[in-house]
Amino acid sequence: MSARMAEPVLSVRALEVAFVGSGRPVPAVRGVDLEVHANEVLGIVGESGSGKSVTSLAISGLLPPTARVRGSIRLGGVEITEADHETLRRMRGVDVGMVFQDPTTTLNPVFTIGRQLTEGQIAHGRLRADAARTRAIELLREVDIPDPAGRVIQYPHQFSGGMRQRAVIAMAMAGHPRLIIADEPTTALDVTVQAQVLSLLARRQAETGAAVILITHDLGVIAEMAHRVAVMYGGRIVESGPVEQIFARPRHPYTVALLRSLPRLDGGAARLEPIPGQPPAPANLPPGCAFHPRCAVARDRARCRGEEPALRAAGPAHLSACHFAEEVPAPSAPRAGDGAEPVRPAVRRDSEPLLTVENLQVHFPIKAGILRRRVGWLRAVDGVSLTVHEGETVGLVGESGCGKTTTGRAVMGLVKATGGRIRFAGRDITSLGRGAMRQVRRHMQYVFQDPFASLNPIKSAGEIVAEPLRIHGLYDEMGGVGRIARLFEMVGLSPSMMGRFPHEFSGGQKQRIGIARALALEPRLLILDEPVASLDVSIQAQIINLLQDLQRELRLAYLFIAHDLSVVRHISDRVAVMYLGRIVEESEKQALYATPVHPYTQSLLSAVPVPDPTLRGVRRRIVLEGEIPNPASPPAGCTFHPRCFRASARCSAEAPAFLPYPGLPTRAACHHAGPLVPAPDAKHPQEVA
Amino acid sequence: MIGYILRRLAQLLPVLLLASVGIWAMVYAIPGGPVGMILGENATPEQIAALRAELGLDRPVIVQYWAWLTNALAGDLGVSLHSRQPVVSLIGERLPATIQLGLAATVVGLLIGIPVAVASALMPGSWLDRALSGWSALALGVPTFWLGILLILLFAVHLRWLPSASGYVPFWESPIEMLRNILLPALTLGIYVSGIFARFLRASLVAELRADYVRTARSKGLPERDVVGRHVMRNAMLPFVTIVGLMMANFIGGTVVTEAVFTYPGLGRLLITAISTRDYPLIQGCILVILVIYILINVMVDVLYAYIDPRIEYA
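Listed in order, the protein sequences are those of chains A and B. Letter 103 of the first sequence, counting from 1, is numbered 103 in my numbering, and no numbers are missing. Letter 35 of the second sequence, counting from 1, is numbered 35 in my numbering, and no numbers are missing.
Among the clues, some could well be false.
Claimed, not checked - Partial selection, computed: residues in chain A whose CB lies under 7 angstroms from chain B:
#1 Leu62
#2 Thr66
#3 Arg305
#4 Gly306
To be verified - If you want the footprint, here are the derived chain B segments under chain A, 3+ residues with CB under 8 angstroms:
#5 86-99
#6 211-218
#7 299-313
Stated by the list, open to error - Simulated DEER-style distance windows between Cβ atoms:
#8 B:Leu179 / A:Thr87: 45 to 51 angstroms
#9 A:Lys416 / B:Ala10: 42 to 48 angstroms
#10 A:Gly76 / B:Ala119: 34 to 40 angstroms
FYI, nobody ran anything at the bench for these hints, they're computed from the structure. All residues carry an ideal CB built from backbone N, CA and C; glycine is no exception.
Only chain B is shown next, with the shape it has when bound in the complex:
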């Protein structure tokens, strides 16, 4: 099992290496480049040459890439052009907040999505099924910024139960404060993904319920809760974990709108700011970190897959 995880990770090294080339080369694909960005339009050729030398841009491309790569591997992603702070520490401030929000939103999505899916799959075509399908459509259809604002109006402005602006409070410092801060953004994102979760799980549950092994399980006299809760659920989980993994990966860096509504200090907003100010080292760093997490989540999904389905061997 451990060996399998290590092998899967080793298989991803070439992917990561290839991606790093892309990320690094991005700087050169855009007209102007970092020099023009820093010096502005009225720079003299001498100033440009001096800065290029300072940034190391006058060296051969391979050498530059190698230097960037070795630095990145050593944990040095350069310095932000804008704030002059190390990129690693800028990302380091935001990453825990982003991970915390992503996990919380996933938990909310599962808490809503799984019961909805199970209830509607057990009674396909019933009024409950139709009502719950309506819920899924609504959850997917409502824009997150609008839902976020509604939640702020209700819980922060009207009821005054929760803060309207959500800061990052680490769980281990104050669980209650953390919950108060994260509840609204997590609800906003969680309700959205619960629609996706419910749809996917319902579809695979309905398909599995028709399988022959369900009839066999019933013919043994198993109670219905075991038939559904164990036999059917375990099989239906296979396609479902893929979707949950994809959505979790999506929460890393992909929640800009929600972060903006709640002024939440996440990685998404950092990346957007970096892009709008053409802060190349910061863009590179953010994308690299997002990519690494994405890949890690995928390995986790693969491991879960092999755990759920014995036909997939740890090989």
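Same shape as in the complex, but just chain A:
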């Protein structure tokens, strides 16, 4: 902590940012103070609309012209709020480097990686054009990109997602800036790639001694990376302090609520405790403390409603903006209700499963040439078997491109299975005709990931929910408008909202509409495809609880498709892990998370950032090398072997069968299946301390 003594790299005082438009100014940031020192990682956490990204854009002087900035931002002796365009330009890329969220869009598709790496430094006159290529190769080498000399002349589309984000990090560090701002740098990446990128970011930060501001919604990432944390809500910092204290003894009710609403890899089975309501929009902030309408501590006290609390000391180097910071409970304290998951009727596995998928294959032809001849097959799903019983939730997890969504769509008959069998409620539905399949779909419904794109914007919410009834000609038979009102109530929406249109609902409410639509026909099975992935953390918990309540009341079966292992752990009875079109491991939830036997499951679980900073350095992490291969040309033998830390000669020659693992309720497809303890012979795994 010697850094604390020195002059901070960045110092922000009383920063206010408002956006002016036709109406009254919209306050996005309302009085933010922060500083970052060299060799320090400051994590900023917050949900959408909290002002975290606007703060970062203000620091780099990249706000749009409609923004009005007040207060002070001092970076390396320059007052940014008063600097002219040219001063700001000279500062960017030299004093501050930025890493943004989505590496597919942050790079310009029409220029080579090498050019994009160095053009900033050339423009600053810090690099001669004839030395650019050598420097670009050096930069790529620093971020562990193999074959940098060959890669430097390639274009972004020739890089994988993880490599692109490495290149973006290299770009941000090209000018040796004193400050790096990383805005959700791993949100768009798969969990194994996220682990690689985070450890790279940590290593480069340590090597260069730069100050880093890490902005994210992911408390796990914060716990693994940050030294200090600032929690933002409603345009202000509501709590800040050392990372250990923020997680162990938070002093603001919002921080506590966030930690409690999170499904965790290391958590119990207790019901999630969502934060009621939704994050406030900057244009429509509640008076007094912005958090009071959702706060468990406020209890409608006049002071919370009337007076905005200032940040005050709540411990050594720990600040909280709460009038009643002393009353804030510990995150692990017993909850308001009994907190335990309400008793669910046991799943009966002795009867015939509701859904049985046997050796499902979905192969898409790859066509090329003038005559569009088939030149190969893309094996999106290549031999998936699973069962779902009545009242049961089966989680299907995997990284992008593993075929989990295609599996769900094939079960619904939305894509054609090219092999295998699908049985639903005792009937083979693999090759049903259109009309017969429609009858089956009455009992089997789909909930989509993106609630923004999956609702027709020109139809009212009531019409959207009624649509399945109308398609099946059952609207009057099933109770007409009364049925729709009942469905609205079931998903926690007021029937008075039936006449509203999708844009009038928040993200969480839209997903409730999507669920109501799926429930309209009284289905027996719901296929939920990433139903909470695009929602804020506090809203996520609301939807998960709703899904669990509905399952209990309606004896629904869920096929829950997701990439988030913590969410899947929380909601599932059994879990299947997919890799490149195949299930590599499947088991009861407890067994799979406690004793995974497939090396991919083990790596996946170890890569998930856990929101507990005390585990940093203690928890063993397996960082997989490389990325998921192209499913059009999968590796021979076991498709995981090129990235596997246990791979032997046999693995590259012979594909493993999917077999029961003795002593556990687990099936796994691995020649060397087995628990992680004792430690694997450290041939490949990079242990990150």
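Fit chain B to the known structure of chain A by using the hints.
For chain B alone, kept in the frame of chain A given last:
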């Protein structure tokens, strides 16, 4: 790259072949046909039979088509029924004039359209943007014959700087004379397309300016002229080259009104005359040439596309 161009051209051969069938069959789709056209209404059956034999119309359809096609490939498009001159030489006189005018008009359109688009895209919603949008609407809305006449009145009649009737002067014979002759028709057509160019380019510039890579480029400290002039422009060019290509193709044969106003010896007027006199070989020849140029321009656009966007491979 060369291989790619050749492959793209080879892919177009079937299109061309199919089109040639259509062009050739056109003669038979119209009542009366060439015989009635040549001999008039009072011809005797013997005269008709004799002419049909002379023109080869009594042979089987396939044979006729094959003969026409092989002749066309050898550069013989027949003889004009009207002037009795070879169609190839009639078109050959007009084609350079048409290409010269099309290129000149495109250059004028780009010279006006690109600055207008850039200026208004950089300040969307400003008074300049609104004024320039007004310009685009005006450029599109004013009929070309009227604009042409206005230009003649001003520059030829009133100021006497330029000739009122524009002949074809090849560039390599006298660049200055060529400019004097082509300036007014090129301005007339160029102002019209500048409205289209400006609208399309502005729209794609505005969309690209919102892209994430623009923020990245700025965060590196690039000067704004590089951000817009290189990063944004290169991406915005993709949809734009399509429109420029389409407009250029449109100038081949599609500028009849302007040619008429300036009595310019272009392909468009030749085609219209051929149609009104039912000069079938000449119609066929004109359409074939226009089609070939159209296809060539499209290949050029495709090649440019692949050059601008590395994601499109020369494959």
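Here is what the structure says about each hint:
1. Interface restraint check: Leu62 (chain A) against chain B, minimum CB-CB distance 6 angstroms, threshold 7 angstroms, status holds.
2. Taking 7 angstroms as the C-beta cut-off, the interface hint given for Thr66 (chain A) is violated, the closest approach to chain B being about 11 angstroms.
3. The beta carbon of Arg305 (chain A) is not positioned within 7 angstroms of any beta carbon in chain B (closest approach about 39 angstroms), and the interface hint is therefore violated.
4. Annotation: Gly306 (chain A) was flagged as interfacial toward chain B, and the flag is violated, the nearest CB pair being 40 angstroms apart, outside 7 angstroms.
5. For the stretch 86-99 of chain B, the proposed coverage by chain A is not satisfied: 0 residues have a C-beta within less than 8 angstroms of a C-beta in that chain, short of the threshold of three.
6. For the stretch 211-218 of chain B, the proposed coverage by chain A is satisfied: 7 residues have a C-beta within less than 8 angstroms of a C-beta in that chain, meeting the threshold of three.
7. Only residues whose C-beta sits within less than 8 angstroms of a C-beta in chain A count toward coverage, and the stretch 299-313 of chain B has 4 of them, enough to reach three; the restraint holds.
8. Distance hint check: the CB atoms of Leu179 (chain B) and Thr87 (chain A) are about 47 angstroms apart, consistent with the given range 45 to 51 angstroms.
9. Between Lys416 (chain A) and Ala10 (chain B), the C-beta spacing of about 35 angstroms breaks the proposed range 42 to 48 angstroms.
10. For the pair Gly76 (chain A) and Ala119 (chain B), the supplied restraint of 34 to 40 angstroms holds, since their beta-carbon distance comes to about 35 angstroms.
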